[in-house]
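Asker: These are the residues of each chain, in order.
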Amino acid sequence: TQLLEQSPQFLSIQEGENLTVYCNSSSVFSSLQWYRQEPGEGPVLLVTVVTGGEVKKLKRLTFQFGDARKDSSLHITAAQPGDTGLYLCAGARGQNFVFGPGTRLSVLP
Amino acid sequence: EPEVTQTPSHQVTQMGQEVILRCVPISNHLYFYWYRQILGQKVEFLVSFYNNEISEKSEIFDDQFSVERPDGSNFTLKIRSTKLEDSAMYFCASSGTGGAYNGYTFGSGTRLTVV
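Sequence lines, in order, name chains F and V.
Reading the first sequence from the start, the letters are residues 1 to 109 in my numbering.
Reading the second sequence from the start, the letters are residues 1 to 115 in my numbering.
Quick caveat, the hints were computed from the structure, so don't treat them as lab data.
Quantities reported herein were computed from a predicted structural model and do not represent experimental measurements.
Don't take each hint at face value.
[Claimed, not checked] Here are the simulated EDC-like cross-link-like pairs (lysine to aspartate or glutamate), alpha carbons at most 16 Å apart as the crow flies:
| no. | chain 1 | residue 1 | chain 2 | residue 2 |
| --- | --- | --- | --- | --- |
| 1 | V | Lys42 | F | Glu38 |
| 2 | V | Lys42 | V | Glu85 |
| 3 | V | Lys42 | F | Glu5 |
| 4 | V | Lys42 | F | Glu41 |
Make a model of the complete structure from these sequences and hints.
Answerer: Printed below as a string of structure tokens:
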């Protein structure tokens, strides 16, 4: 069974701080996606990473895929209240993706 | 921006009743999915659908569940005899060429409450 773990489970920070959240597995994934989910809404795709060691940037968000393609990190610089949400990673399993439990981020003004 | 539309947004049903959750995927997408999220838990894969047939399903998707694409635009999930543990947020998603590897576009979900 390909399980994804995410840490921390909850994170509450002040506006302007930097943070990193992690997605880990004992399994190798051919690709991995990050989503953000807001209350009452479906997850929204942020990025897909495919190559081991790959780094992608999306404004203040930096995503890295581990060299062994078993883990990934999401770093947010100068967090803003609009970054508040549940951050989910999802690893490819067959033709579909399996989701981690998420990191719930709260950015306080 | 194109979006996936789900109806109803909320559904309350009695245990044992049948429910049909409806979805209109993005019009030029080819792959369709149902996921569910029990309150406070993970987003769980139920089923994927391509070329008018199920391409993959999880162990959750048992004989009580079925999917259908009755016309060119709708994609439905039917639960034949609901159980209390079916209470969850059900998300429809679609993806274009390349399938899930290019990312899912999720709808806003249907909150199903079985009483």
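Asker: Next, verify each hint and record whether it holds.
Answerer: Quick rundown of the hints versus the structure:
no.	hint	in the structure
1	V:Lys42 to F:Glu38	holds, 14 Å
2	V:Lys42 to V:Glu85	holds, 15 Å
3	V:Lys42 to F:Glu5	holds, 11 Å
4	V:Lys42 to F:Glu41	holds, 14 Å
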